[in-house]
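Need the complex rebuilt from these two chains, each delivered in its own frame; the hints are there to steer you.
As they're listed, the protein sequences go chains P and Z.
To convert, take the position in the first sequence, counting from 1, and add 47; that gives the numbering used here.
To convert, take the position in the second sequence, counting from 1, and add 44; that gives the numbering used here.
If you are wondering where the hints come from, they were derived from the structure by calculation, not from laboratory data.
Glycine included, every Cβ here is placed at the ideal spot set by N, Cα and C.
Short, incomplete list of chain P residues facing chain Z, as computed with Cβ under 8 Å: (1) 114; (2) 140; (3) 142; (4) 151; (5) 152; (6) 154; (7) 198.
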Amino acid sequence: MTAAREVGVAQGIPPGEPSAIELRDAGLGFGKRTLWEGLNLSVAQGEFLVVLGPNGSGKTSLLRVLLGLQGLTGGSVSVAGGVAGAGNSHVGYVPQQKTLGGSYSVRGRDLVGLGLDGHRWGIGLRARKERRAKVEAALAAVGASEYADRPIGALSGGEQQRLRVAQALVGEPDVLLCDEPLLSLDLAHQHSVSELIGTAARESGAAVVFVTHEINPVLKFADRILYLVDGRFRIGAPTEVMTTETLTELYRSPVEVLRVREKLVVVGADEAGCHHAEEGED
Amino acid sequence: MGKLFDFGTTGELLGFGFVQQALLAGALLGLVAGLIGPLIVARGMAFSVHATSEIAFAGGAAALLAGIGVQYGALGAAVLIALALGLLARRGSERDSVIGAVLSFGLGIGILLLWLYPGRGSNKFGLLVGQIISLEGPDLTLMITCTLVVLVVLALIYRPVLFSSVDPEMATARGVPTKLLNPLFAVLVGVATSLGVQTVGALLVVALMITPGAAAARVSSSPLVTTVLAVIFAEVSMLGGIVLSLAPGAPVSAFVTTISFLIYLGCRVFARTRPQYATPAIAT
Chain P
48 MTAAREVGVA QGIPPGEPSA IELRDAGLGF GKRTLWEGLN LSVAQGEFLV
98 VLGPNGSGKT SLLRVLLGLQ GLTGGSVSVA GGVAGAGNSH VGYVPQQKTL
148 GGSYSVRGRD LVGLGLDGHR WGIGLRARKE RRAKVEAALA AVGASEYADR
198 PIGALSGGEQ QRLRVAQALV GEPDVLLCDE PLLSLDLAHQ HSVSELIGTA
248 ARESGAAVVF VTHEINPVLK FADRILYLVD GRFRIGAPTE VMTTETLTEL
298 YRSPVEVLRV REKLVVVGAD EAGCHHAEEG ED
Chain Z
45 MGKLFDFGTT GELLGFGFVQ QALLAGALLG LVAGLIGPLI VARGMAFSVH
95 ATSEIAFAGG AAALLAGIGV QYGALGAAVL IALALGLLAR RGSERDSVIG
145 AVLSFGLGIG ILLLWLYPGR GSNKFGLLVG QIISLEGPDL TLMITCTLVV
195 LVVLALIYRP VLFSSVDPEM ATARGVPTKL LNPLFAVLVG VATSLGVQTV
245 GALLVVALMI TPGAAAARVS SSPLVTTVLA VIFAEVSMLG GIVLSLAPGA
295 PVSAFVTTIS FLIYLGCRVF ARTRPQYATP AIAT
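Chain Z extracted, bound-state conformation (with noise of 0.2 Å):
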């Protein structure tokens, strides 16, 4: 247990280039996954990122096995496997269980072709569960492009999203071209999922893009307020994941997932606590 609080070790560590770039690394998509959350969770697509995840795994390990990049194929099938889910009717009666087969396929796919994958062990596991730091390091060029598209196209897009999002009736009724913003958003997500599959895993994307947002959610109704307050959450799970991975050498994604939720826990706890629930303190 020593090892967990030896901060000489992290200290240490820090210096390294790799643990910057994982560092970096991390803090890129705790923005995206900050700014991206509170919509996903006013939308009700939590599920659907968990699918896009699973598939983003499996189109990782095909990537794997042959001998592309591993990124490439996690960021081809989250954004394919984003789009045809966006395309489903928002609340179809079936989308639940559409979602819930093609989730569990995937990962049975994905599960398939690691095995049949001959190299050694560390690449095949740490699609599932992280592996941000690793000496080869993540394709900061890719993160950094990625998150820079979802970061323009998302403010472009992000007032209509919004309002079909909370009020798809009223927003069909003034002309926001919702058949072409729900496909659109969708590939948003699939690419900012890509790159948590990338980082903290497969298994545990949902943590960082779902837990933060869904935490901002409980303790104000400011659109603003939550989307920056869910920024802050996703930069603290994924950062201080990171730091802390590092002296014991576990793995990330369990801290990661453990000090978000522990905020998620704190943020409905803090609203309990008030008398009228969400009375935001802030005006924006």
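Chain P on its own, in the form it takes in the complex (with noise of 0.2 Å):
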């Protein structure tokens, strides 16, 4: 316990406060390929943690890792003081934007009441009162209200995207699990949606684990950013790990990163890429 322990002094958390999350020499392989190994990472209550890295390089399976939906190849990991497991009521999760299935059976606020209740036996018939207070109050918080009462599948991307932040955060989580929430959204939707999951989670003191291949939308938010490159990685400060030096020895081939305007430009990133992006994740 003790180098966790010194992480989370070292963030500012008081000793005997337990991480939201706790990996120790986690490691992950399919078959021969190991995606990543000896990953030791503690994540504070009311982090936020960026998770960037190119296709392949296992960001997807670290999020499935902490969702449990995945078991580690070696080592061990906790979330929000228990076992990493699906079902924990204590983790919210954001998956990627894409089209639902039967989405016109249901409304928005029915996609967030399940969000809070779903997994849960029986229809629901108690308290409902209560369950309707809540997703009023997430359904509000994202600006989602006004279209809460149409199918899901009339909605934009940008707008089913709301609400499923809605979905994540109803039920009060101590950790958000964000798997690329802003593929495949415009820009504006992009920032408006960065911003929802960044300042919900700095009220209500969540830890977020937030996979993207896009750092600027977050940037702002981010306490720290775990870099994986084709087994390797980097964990820091945007400023200590979104530099050419670390980002040229990650990849191992010349990468650069540039500001302008406020925004990290990353050259080179691309083509260096990662060999294996057609195995291992989905």
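Right, here's the structure in full:
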């Protein structure tokens, strides 16, 4: 525990306060291929961790481990003080934006409500008033009240993604796991969805793990970055990780990081890429 | 044509016990179909319901040949095939063609078994086009038992099934045991389908299991409202179909499917007339 405690103290977390996420000597591989190993990571409560890296570097797999959908090949993981397990009610999840099946069968508010108690058995007739109040609050928090009664299939990608955020937040999670939530959104929505997640996490004190390949929309919220490339990784503050030296070392080929009008531009990473992009991840 | 609206005869026939039994059987089926229909529609399972009903038909025909109650053959076959289809990946690319292959095979086998059956013909075609009104009457004990089982299990698993139907990825992430629920729900669909095969017949089960749910989904997106509407639509089709068929003595299923389809058309037209599609008038 000492190593983890040290990180916690360095982050200004009171000693004894458990971390939101704790990975110890964690490793993950599929068959002969190792995605990453020796990963020690402690995410403090209220911390915003951005996970970056090329396709196939194991970003999504890391999230699946934290969701309890994927077992580690080595080491241990704990989330919100317990085992990483599906159904951990302290965990909220925002997936990639994609078209939902049967999307004319429910309204936005139903999607949010299912995020609250859809995993429970029964019909859900008890405490409906309380449930409705929570759903209303979550809808209002993401500015989705106006279209909450429309079928989700009739909504735009940006509107659906706002509902996704409400769905993840309605259970008041301690840990918020986001898997490329900005993918296929236009710039304006990338910005607003990032704002929603960043602000909500700050207000509630939830820890955030935000997997993305686009750092800029979340740069101002990022406390630390975990950058994964081909089994190598670097963890640190954005100013430490997002540098020409660090990324060149990680990619093992010349990569340049430029700062243009408050935005980071990474040149050369796409070409350097990952040699195993077709394997491992879905 | 005058026979169609001979209310005197209808009233007279409604006094008979076997007609009342048929109405009760129809009401049970309408309830089950209405409750389960919106979920089937949300999961895109219409085609597999059709396949299940053809297999139930083959099972019923086999039971007829073997001298066992038709209803048991239909139920057993429907549950088995529903389970098998439920274990198929939900959105696999092969799913459609697998179902198609199974469906036609079931129908073919069923027809062969009926041809082999030496007995009289009324039971034979009842399996295909319905035989709810007969002097032997439906097996009410079995129907009531099946209805209760479906209602109880559905009440237990309703919320996670709805979750995994509309949002499977998130449901899995939240710990919904989809691998358990998919086959379990499929078995419920199998039981419900076999009830349908005994009443409206294998060819027309879809009219009760799918059409009311699909019609309700056109006019509302609230799970509660669509479920209530689907039950009403299914009951109106089923009971209305039975009552209308009495005087002319025509096959029940013709009336059931017609009413059910007209309701569906009406719902589509109604949805068209509204500026904001399916903005629910009733908040839940």
